[in-house]
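Next come the chains, spelled out residue by residue.
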Amino acid sequence: MAMKRTTKRRVVQGVLYAVLLGGAVALALAADWPTIKANFFKSEGFVPPGSWGDLITIGVKNTLIYTAIAFAGGLALALVLALMKLSPVAAYRWLATAYIEFFRGLPALLVMLFMAFGVTIAFQWTPPGGTTGAGIVALIMVGSAYMAETLRAGIQAVPKGQTEAARSLGMSAGRTTLTVILPQAFRIVIPPLTNEFVLLIKDTSLLFVIGFAAEQRELTTIARDFLASGPTAGTSTSLVQAAILYLVITLPLTQLVSFLEKRQRRSR
Amino acid sequence: MTATARPDRSTAAIDVRDLHKSFGPIEVLKGIDFHVDHGEVVCVIGPSGSGKSTLLRCVNQLEQADSGQILVEGVDVCDPETDLDAVRSRIGIVFQSFNLFPHMNVLRNLTVAQEKVKKRSKKEAIEIARANLEKVGLSGRENVYPAHLSGGQQQRVAIARALSMDPDMMLFDEPTSALDPELVGDVLEVMKTLASEGMTMMVVTHEMGFAREVGDKLVFMDGGVIVEEGDPRVVLADPQHERTQAFLSKVL
Ligand SMILES: Nc1ncnc2c1ncn2[C@@H]1O[C@H](COP(=O)(O)OP(=O)(O)OP(=O)(O)O)[C@@H](O)[C@H]1O
Ligand SMILES: [Mg+2]
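Chain order of the listed sequences is A and B. Using the numbering used here, the letters of the first sequence map in sequence onto residues 1 to 268. Using the numbering used here, the letters of the second sequence map in sequence onto residues 269 to 520.
These are computed hints drawn from the structure, not numbers from a lab. We put the beta carbon where it would ideally sit given N, CA and C, even for glycine. Mixed in with the good hints there might be a few duds.
For each label pair, taking beta carbons as the anchor points, the in silico distance ranges come out as [said to hold, decoys possible]:
| no. | chain 1 | residue 1 | chain 2 | residue 2 | range |
| --- | --- | --- | --- | --- | --- |
| 1 | B | V343 | A | P88 | 22 to 28 Å |
| 2 | B | E457 | A | T194 | 30 to 36 Å |
| 3 | A | E261 | B | R480 | 48 to 54 Å |
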């Protein structure tokens with residue numbers, strides 16, 4: 001009655017496959033395909049040109065522009081925060097820590113509403129780009145808190161001997177950071193920063209709550225507007241289309257991250 | 269204090285007086301008196317943990333001493349008023365682990381500090397770098413990245429990098445300890461050439477052959493103090509102190 005180990009493993013695997021297959025078949029039979037197609041894949045939206053025009057030329061374009069601005073701004077601020085956190089001056093360290101913990105502890109959406117409505121109204125502030133600009137500033141503030149921690153880890157991952165070698169050659173502390181530490185740190189943090197970029201792409205959809213002029217809408221907002229108007233009004237087709245477009249951007253990036261991580265691990 | 273003991277101290281390349289250094293509760297250097305004259309090659313030996321690296325690193329203030337005095341060419345490096353970057357650019361250091369800049373090719377490793385610290389023109393820096401690469405036997409490797417060099421080659425690049433700053437003295441901290449045995453010879457050869465050219469050198473090493481052949485003075489450290497020092501040939505052949513004898517009987 002005792003089965004051989006290999007036989008036993010084969011039986012277990014067979015059972016697992018059977019369960020999977022059974023589940024798939026049951027789902028296929030139970031699903032109401034015509035309803036699904038009518039609600040999520042309405043051909044008036046899908047078949048080109050369909051709704052692709054606005055989704056891509058306005059939505060994807062603006063999503064990428066907002067992401068790029070938020071990433072660049074966030075990275076610059078993050079670098080300052082990371083250097084503050086590693087500063088020999090305690091007050092700088094505390095300030096950076098307070099900032100980072102504060103913004104990592106809040107929902108991005110709340111910060112965004114606060115910047116776009118609270119701050120603009122309270123201080124009569126008109127940010128460049130209007131409330132959209134204020135929303136992007138919020139993304140920068142939140143994003144920088146996360147990226148600062150990533151950068152700090154990257155800087156600390158550069159071996160101490162590098163600093164010692166540079167200082168021994170007579171380089172000042174600042175010069176050492178600039179020419180020896182940061183270039184190596186950035187190489188280390190490219191994969192995690194790419195992940196931050198992907199997170200930011202998705203977070204730009206939060207800008208939706210602020211509301212846009214038609215030409216300034218990002219991808220999610222346009223998809224939402226197509227729920228009620230356009231060729232696929234009354235169906236969720238535009239949401240499926242937006243999902244596809246997001247994945248077209250994010251999947252290659254996440255693949256790139258795992259490729260870079262594998263390469264880094266090998267080069268160690 | 270007892271400045272009379274060595275009145276010529278300001279003329280020494282390195283002059284260490286009554287140096288104390290602790291890491292937390294552990295006193296690692298317990299009053300070191302040590303000097304290296306211009307053109308002299310001083311080898312420092314001793315068991316692991318005896319404080320050799322710490323002493324060497326104090327000389328250019330990679331470690332800060334707790335008390336005592338360190339004069340480099342008459343300049344007190346412990347004085348907060350001293351321009352450390354200027355002093356450091358005159359002291360070449362070679363580390364056990366090479367510490368080349370991995371994101372720069374060999375040539376850039378040799379020119380970056382020349383340009384940024386010595387403010388040399390790119391052209392001049394490259395000329396000096398090439399001359400030093402030739403000196404360590406690595407001409408033609410300018411565009412290679414450190415990761416593609418053997419340990420022995422990397423260490424020779426590190427020596428060339430230090431030499432490119434035209435240092436007045438060179439400090440070596442176990443420069444061959446991380447190398448495969450067959451690669452040690454090339455590095456020692458370069459160091460011998462340097463010594464024969466009159467370079468002032470402080471060499472922490474386990475290479476007794478090098479110490480005997482090249483050293484002008486041998487210093488044996490143990491437990492944070494200098495136990496014995498003198499002519500390497502004499503000390504190695506006929507150690508006076510019991511701890512020196514015990515150490516040498518193990519390594520020779
Ligand atoms: N940064 C540090 N923090 C705490 N302890 C340290 C530090 N650097 C050195 N030590 C300790 O100081 C003592 C002397 O260290 P040092 O590196 O000077 O010895 P060494 O003679 O160079 O030994 P080795 O031959 O192993 O290189 C050791 O006990 C070591 O553990
Ligand atoms: Mg050591």
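Hint-by-hint comparison with the structure:
1. V343/B - P88/A: 22 to 28 Å: 24 Å, holds
2. E457/B - T194/A: 30 to 36 Å: 46 Å, violated
3. E261/A - R480/B: 48 to 54 Å: Holds - the Cβ-Cβ distance for E261/A and R480/B, about 50 Å, lies within 48 to 54 Å.
Consistency with the previously given hints fails for number 2 only.
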